[in-house]
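Novice: Taken in order, these protein sequences are the chains called A and B.
Per numbering that gives the first Met the number 0, the first sequence starts with residue 0, numbered consecutively.
Per numbering that gives the first Met the number 0, the second sequence starts with residue 0, numbered consecutively.
Hints may be right or wrong, so weigh each one.
[Claimed, not checked] Sample of chain A residues facing chain B (criterion: CB under 10 Å; computed from the structure): (1) Ile4; (2) Arg99; (3) Gly103; (4) Arg104; (5) Gly106; (6) Lys107; (7) Ala114; (8) Thr116; (9) Phe120; (10) Val203; (11) Leu210; (12) Gly245; (13) Phe251; (14) Tyr257; (15) Ala259; (16) Met260.
[To be verified] Listing some non-contacts, in silico: residues in chain B with all C-beta distances to chain A over 12 Å: (17) Ala36; (18) Glu52; (19) Val81; (20) Cys146; (21) Asn168; (22) Lys175; (23) Ala197; (24) Lys223; (25) Glu250; (26) Asn279; (27) Ala296; (28) Ser335; (29) Lys349; (30) Lys374; (31) Gly396; (32) Lys411.
Hint data in this document are derived by calculation from the structure and do not stem from the laboratory.
C-beta: ideal position from N, C-alpha, C; glycine also.
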Amino acid sequence: MNGCILILVALGLSIVFGLMGIINFAHGIFYMLGAYAGWLTVQLTGSFWLALFTAPLAVGLVGVLVERGVLQRIYGTKNANFAGVLVTYGLAIMIPDLVRMTFGRPGKPFAMPAALTGSLFRLGEIDVHAYRVFILGVTAALLPLLWLLLNRTNLGLVIRAGTSDNLMVQLLGINVARTWTITYALGAALAAFAGVITAPLVAVSPEMGGLVLIECFIVTVVGGMGTFLGVVAGGLLIGETLAITGMLYDVFADVVIYLAMALVLLVRPRGLFGQEGMSEE
Amino acid sequence: MRPTSRRTMLKTLAGAGAVTAVSGFPFVNRLALGQQAVKVGVVVPQTGPMALEAQEMLAATQIAVEDINAAGGVMGRKVETVIRDSEFKPEVAKRKATELIEVEKAAFLVGAIVGFEGIAMAEVGCKNDVIVCFFGQNFLTVKGKMCKYQFGNNLTPYQTAAAAANFVNEQKMGKKWHMLANNYSWPQMFERAYSLVAKQVGAEWTGVTWAPLGTRDFLPFLPKVAAAKADVVFITTWAADQVACAKQVQEFGLARQARVIHSITELTFAEAAGAGVYENFYSGMPWYWHLKDKFPAAKRYYDRHMALRKRAPGGYTASTYSTVRLLLETANEVKSLETDKVTRALEGRKFQHLKGPEQIRACDHVNIQDVYLCKGKAAGAMKDAWDFFDIVQGVGGETSAESCEGEGFDPKKPLSQQI
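Hey, can you work out the whole structure from these sequences and the hints?
Specialist: Have a look at this one:
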């Protein structure tokens, strides 16, 4: 489960950084907002399946508001990168407080959909549970669609070109501003989707975005900023590392992933699948 | 005798007035002091992941102070709380506790939900000879690590674990025990307690499956727990980890093969997990609101908390109320705010607030009290939004508390004479 969640959340983070050069500290908030949007949908309609659509849509819109209302004001300014870090960090502090004020401090109960409870089949001594298979399946279904978006559409072409050479893309007359908005919203939507599918298994609270963000940064560094394959590989690697190390010697679980990040930065700073020259900046 | 002149009379009166104002005439001082409130410094994490629990505890503190003031205050003086936010950081807790003592001149320090806050506050209280009472679990009862002014009305990890283990033994739930827990010092105290009690009752302790603090996905650890083939699995987690663990343990179906017992839980966790998540799990608590049907004082407290917070009070909340009330009642009884005097009066003190009889054991300041083992209800069986559990049994008194000798203290002497 961890690997799938990290892939979905880190994809948005990676693409935003690759295209816009912004280290988006607010990204974990979209994961949290997705869980809350999903909870609200279920409260109002009773439908978990509807929440899978409304949560990413709603949070995607929030992403549009953030990008247009806040981030666009710092593009092209002196120290825009540093300003981006500060601004997004500020949002990461402010938005959870807004959530507390709106929804209250108590964590929100989010039940697993009845159709996905229970064991699907047995693998040796272990039950394989329906909801876990659902998370795997839905992530596996989404990834090729995302790949197609990035590699077979004009939008994807602009995103990939912008990731390689943003200035050139602008000089070619492409409406980069709109692309950035769409990209940012897409990243937010992906994180929100991860939030809503995780919600039945974890505590839905304003604080839930913090830890996942740190792990996503590690995923993007290890896999390579701005690369689809890098994020998928990084997400699987970090997710499995956390799980296996936790089982074998839990004390080292967190340490190992930081060590992995440090090793990658020393040996191959662009990440396992990163493009040469980009991530070293 | 010459008649006294008006000037002389006025001078004499002025002098007497001045002397009276600065003198030790008791009735005059009492009159002056009656205007000065007794300050209780409260340090809780009003911001951060335990903010909700902190708000609940502040409400409990408010109710306790209202009760004390309604009964005449402490030595006729009104009690006031001065509240500071620890921000869930030990260095901030320490700074705020220091400020409460040095600037606000608080007579007592109360608060702390988690260990690192408690350690920080204890350090400040002990250094300044001010009584410190914890709201969270009382885990600092270790000789060499605590000072004589530390008190904790809430359960100790040993009490909590021993109560659950004794319950398991009495209910004949099985003799093979295992624990799933986050790996840090607090659950490690539970491991020690469970393994000791297992030895005492002839149970087999199969060890612990440790998960890192902040684990989101407990599934990788559950097969290892299942492989232990234990009759009883004790789960020692807290807050968001407990909510995630409870959801995933329910999903995994661990309760089909073993009795699942959460060493301790709070109402806010059951609320966050949702109706039915704790179904068929047992949980230890210092108090549960169903006790209002047994103790009139608990009913009164429940009603006031519900009116104030629009939610049922949890176990830690009730324990907080009792902590603050105990401290202030004791000070009032001995007619003093002097730390040593109040400390000696607290040692061995018997009282009864919201549950059965309790006593602050003199040798280690542990509150000898009942622990309630509660069973989680199915969603359909809940009568209202807070009806997550039924009380199965109260377990406790001396049988749950670790002996003073076991902690390294002399059982025959009060703690204030030992350190």
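Novice: If a hint holds in the structure, say so; if it doesn't, say that too.
Specialist: Outcome of the hint check:
Of the supplied interface hints, the one on Ile4/A holds, with its beta-carbon coming within about 8 Å of a beta-carbon of chain B, less than 10 Å. Interface hint status for Arg99/A: upheld, as the beta-carbon distance to the closest one in chain B is roughly 8 Å, under 10 Å. Checking Gly103/A against chain B by beta carbon gives a least distance of about 8 Å; that is within 10 Å, so the hint holds. At about 4 Å, the closest approach between the beta carbon of Arg104/A and any beta carbon in chain B falls short of 10 Å, and the interface hint on this residue holds.
The beta carbon of Gly106/A comes within 3 Å of a beta carbon in chain B, closer than 10 Å, and the hint placing it at the interface holds. Among the interface hints, the one on Lys107/A holds; its C-beta lies about 7 Å from the nearest C-beta in chain B, closer than the 10 Å criterion. Hint on Ala114/A is violated. Least Cβ distance to chain B is approximately 14 Å, over the 10 Å limit. A hinted interface residue such as Thr116/A counts as satisfied when its beta carbon comes closer than 10 Å to some beta carbon of chain B; here the least separation is about 7 Å, so the hint holds.
A distance limit of 10 Å between C-beta atoms decides the matter here; for Phe120/A the minimum to chain B is near 14 Å, and the interface restraint is violated. Satisfaction of the interface hint for Val203/A is found here, the shortest Cβ-Cβ separation to chain B being roughly 7 Å, below the 10 Å cut-off. Interface restraint check for Leu210/A: the shortest CB-CB distance to chain B comes to about 6 Å, inside 10 Å, so the restraint holds. A cut of 10 Å between beta carbons decides the hint on Gly245/A: the least distance to chain B is about 6 Å, and the hint holds.
Proximity of Phe251/A to chain B holds as hinted, the smallest CB-CB distance being about 9 Å (cut-off 10 Å). A least Cβ separation of about 13 Å between Tyr257/A and chain B goes past the 10 Å threshold, and the interface hint is therefore violated. Against a cut-off of 10 Å between C-beta atoms, the interface hint on Ala259/A is violated, since the closest Cβ of chain B lies about 16 Å away. About 17 Å separates the beta-carbon of Met260/A from the nearest beta-carbon of chain B, more than 10 Å, and the hint is not met.
Listed as outside the interface, Ala36/B is consistent with that label: its C-beta sits roughly 29 Å from the nearest C-beta of chain A, beyond the 12 Å cut-off. Against the 12 Å criterion, Glu52/B falls within the reach of chain A, whose nearest CB is about 9 Å from its own CB. Under the 12 Å C-beta cut-off, the non-interface status given to Val81/B relative to chain A holds; the minimum distance is some 22 Å. In this structure Cys146/B is separated from chain A by more than 12 Å, as the shortest Cβ-Cβ distance comes to about 31 Å.
Every CB of chain A lies more than 12 Å from the CB of Asn168/B, the least distance being 29 Å, so the non-interface label holds. The claim that Lys175/B is not at the interface with chain A holds, since no C-beta of that chain comes within 12 Å of its own (minimum 17 Å). Distance to chain A confirms Ala197/B as a non-interface residue, since its nearest Cβ pair spans about 22 Å, more than 12 Å. Residue placement check: Lys223/B does not keep its beta carbon more than 12 Å from all beta carbons of chain A (closest about 6 Å).
At the 12 Å boundary, the C-beta of Glu250/B falls inside the reach of chain A, the nearest C-beta of that chain being 6 Å off. The claim that Asn279/B lies off the interface holds: its Cβ sits roughly 15 Å from the closest Cβ of chain A, which is beyond the 12 Å cut-off. Against chain A, the non-interface label of Ala296/B holds: every CB pair exceeds 12 Å, the least being about 26 Å. Remark: the non-interface label on Ser335/B is consistent with the geometry, its nearest Cβ contact in chain A lying 38 Å away (cut-off 12 Å).
Consistency note on Lys349/B: stated as away from chain A, and its beta-carbon is indeed over 12 Å from all of that chain's, at 36 Å minimum. For Lys374/B, the shortest C-beta to C-beta distance to chain A comes to about 19 Å, beyond the 12 Å cut-off, and the non-interface label holds. Taking the minimum C-beta to C-beta distance to chain A, about 33 Å, the non-interface status of Gly396/B holds against the 12 Å cut. The claim that Lys411/B lies off the interface holds: its Cβ sits roughly 41 Å from the closest Cβ of chain A, which is beyond the 12 Å cut-off.
Hint check: violations occur at hints 7, 9, 14, 15, 16, 18, 24, 25; the rest are consistent with the structure.
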